[in-house]
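Okay, here's what each chain looks like letter by letter:
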Amino acid sequence: MVKLKIKNMSFGYASTPIFEDVSIDIQASELVSIVGPNGAGKSTLLKCINRILTPDSGNLYLDGKNLHEMRRIEVAKNISYVPQSSKRVFSNTVFETVLMGRRPHQGWFSNKEDEDKVWEVLEELEIKDLALTMYDELSGGQQQKVLIARALAQDTGVILLDEPTSNLDIRHQLDVMDITRKLVKERNVAAIMVVHDLNLASRYSDRIIMMRNGKIISVGEPDAVLTCEDIAHVYGVNAEVINCNGGSPYIIPISSIR
Amino acid sequence: MKYLEILLKTKMPEKNKDLPDQHQTEYRHYIGRKLIIMGFLLFLVIFLTAFIVTLGPLEISVVEVYQILLAKFLPGYFDTAGLQSQIVCNIRLPRIVGGLMAGFGLGICGCVMQAVLKNPLASPFTLGISAGAHFGVAIAAVLGVGVIGGPYLLIGNAFVFSMLCALFIIALSSFKGATSETLILAGIALNYLFSSLSSLLQYFATDEQLRVMVSWGMGDLSAFSWCNFHLILWIFLICTPLLYLKAKDLNIMTIGDENAKSLGIDANRVRMLGMLLASLLTATIVCFTGTIAFIGLVAPHMARMLIGSDHKYLFPAAGIMGALILISADAIGMNIIRPTIIPTGITSSLLGVPFFMYLILKKKRKEFW
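So the protein sequences, as listed, match chains A and B. Quick note, in our numbering, the first sequence goes up one by one and the last residue is 258. Quick note, in our numbering, the second sequence goes up one by one and the last residue is 369.
Be a bit skeptical, because a hint or two may be false.
Said to hold, decoys possible - To be clear about the criterion: a stretch of chain B counts as covered by chain A if any three or more of its residues have a C-beta under 8 Å from a C-beta of chain A, and this derived list gives those stretches: (1) 23–36; (2) 247–253; (3) 262–270; (4) 298–311; (5) 322–336.
Don't read these hints as lab results, they were simulated from the structure. All C-beta atoms in this analysis are idealised placements derived from N, C-alpha and C, irrespective of residue type, glycine included.
Please put together the full structure from these sequences, using the hints given.
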């Protein structure tokens with residue numbers, strides 16, 4: 001079943017196009033990674049899907065309904081967004097931060113149900129003990145988990161993740177990816193993730209979308225997309241791709257092409 | 001092994017629903033502490049109000065003051081002297097009630113401005129309200145020109161010019177690409193512009209005109225009386241609940257526009273609404289009291305240190321804090337070198353700044369930015 005359908009979407013700032021004519025279909029319980037060099041338009045695409053930015057043209061359908069005709073609060077009930085990091089001026093506790101994810105579902109009063117939901121999510125991610133800790137006193141990995149918890153509390157069918165692993169150590173990278181993968185499979189969520197680490201993308205994604213200069217170069221399963229030719233073409237990097245007996249391909253960058 | 005895992009997973013939530021675990025109990029205590037602090041602040045306001053009403057340049061004993069007040073509300077039971085009754089009911093009482101409202105208003109407006117502009121340096125006067133109001137007063141005092149004539153000449157001008165400033169900046173915020181930093185910078189620029197315009201008028205003013213302008217600029221609660229009371233009361237009763245209804249959105253506004261949008265909040269709309277209501281309330285207060293700038297900046301920070309950043313609690317706490325500072329500062333200004341009355345704006349800064357400095361440097365509560 002197609003969960004999210006992006007059709008001929010384009011976006012640009014003033015006269016500079018960021019991405020053009022992008023069409024993607026994403027199924028429920030599918031983890032799709034978007035990879036590509038800096039400035040390829042990956043993060044901007046995510047923001048357009050979430051209506052943080054308004055695309056210049058194109059359509060977006062969620063379960064067959066046009067997202068651009070929905071009110072923002074309705075969109076937030078269906079799509080959650082995990083930012084790369086969240087800097088803040090005033091500090092909140094972890095509990096308050098995760099409770100913000102309930103905002104699209106609640107009225108003025110936060111009822112018991114919302115609080116229970118937050119506890120449930122904190123329990124699921126094993127960060128219950130951090131509930132009263134200040135968000136900005138946490139390590140990068142813990143902060144990322146809290147932001148994922150917020151998206152979980154939002155209880156949506158689609159999750160967008162913007163470079164969730166970019167400033168984490170290897171242990172937390174694996175943790176975050178495992179959590180995401182588990183969510184996608186257990187809750188039938190469709191996840192779209194922008195990621196720089198090709199090996200993480202290869203290992204955890206069902207499909208990979210490779211972008212360059214605002215255009216999709218190739219789409220497909222990891223071993224179909226992550227080839228020496230495509231990596232050379234998209235990144236300008238000579239890389240060795242190791243395919244060991246049916247597992248996901250492993251990429252070793254060798255040198256940049258001059 | 002696998003069965004055991006499944007068994008464990010299904011058992012866990014049930015246990016949690018019946019018996020809140022240690023973390024949930026901690027959380028409940030945390031909320032409980034906030035409520036206790038709020039209760040204490042509220043008690044302090046009531047206590048101080050009851051105490052300050054007995055103070056003043058004219059010696060009236062505590063017993064007499066309460067006799068007068070009781071006589072006012074339960075006529076016929078007590079005999080009271082005319083002059084003393086007049087002083088307590090028509091001078092002290094409106095001054096204190098006005099001070100409570102002005103302080104509360106400035107506190108919550110500061111809290112709203114800091115949230116929607118995501119900036120700890122924002123205050124109700126960030127949008128140039130005080131400079132605009134001061135210019136309005138200068139025009140009225142020096143040129144004698146006013147939007148409304150009669151007894152409301154100064155007040156009317158102050159209100160119109162302060163709203164002019166605020167509306168200009170709020171209009172700016174609807175432009176594409178206007179960030180909260182743009183708005184703050186524009187506010188500061190407007191402040192300079194209107195200060196210079198006021199100085200220009202000051203330059204040509206006579207001594208008498210100058211005195212009006214300067215004393216207005218110092219900030220004072222003496223303008224409150226029962227006849228003009230309803231003006232401020234109505235604005236107060238409209239703006240406060242509307243702003244408080246946005247408490248959750250204010251929480252989310254502080255984590256940035258992109259996050260707010262992804263959580264279903266129309267960040268620009270909330271910001272415009274917040275600035276509009278806060279400006280309206282501030283302008284109304286300012287045209288009665290003059291510039292009492294310090295409270296709007298500091299009351300929210302003090303409240304944040306005590307009670308955390310959740311606007312559900314922070315918003316009322318900032319208001320109560322503002323009211324507390326303003327009425328205490330006013331009482332001290334009135335009574336410290338009797339019979340001379342030091343303007344409230346001066347005492348509130350003189351007393352508040354050292355205390356605030358102490359709090360910032362001590363930073364005992366982790367909630368503080």
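Here is how each hint holds up against the structure:
1. Beta-carbon proximity to chain A at under 8 Å applies to 5 residues in the region 23–36 of chain B; the threshold of 3 is reached and the given coverage holds.
2. Note: the region 247–253 of chain B has 5 residues with beta-carbon separation from chain A under 8 Å; the three-residue rule is met and the coverage holds.
3. Coverage of the region 262–270 of chain B by chain A holds. Counting CB-CB distances below 8 Å, 5 residues qualify, and the rule asks for three or more.
4. Only residues whose beta carbon comes within less than 8 Å of a beta carbon in chain A count, and the region 298–311 of chain B has 4; three or more means the coverage holds.
5. With 0 residues having a beta carbon nearer than 8 Å to a beta carbon of chain A, the region 322–336 of chain B misses the requirement of three or more and the stated coverage is violated.
This entry does not satisfy hint 5, going by the numbered hints stated previously; all others are met.
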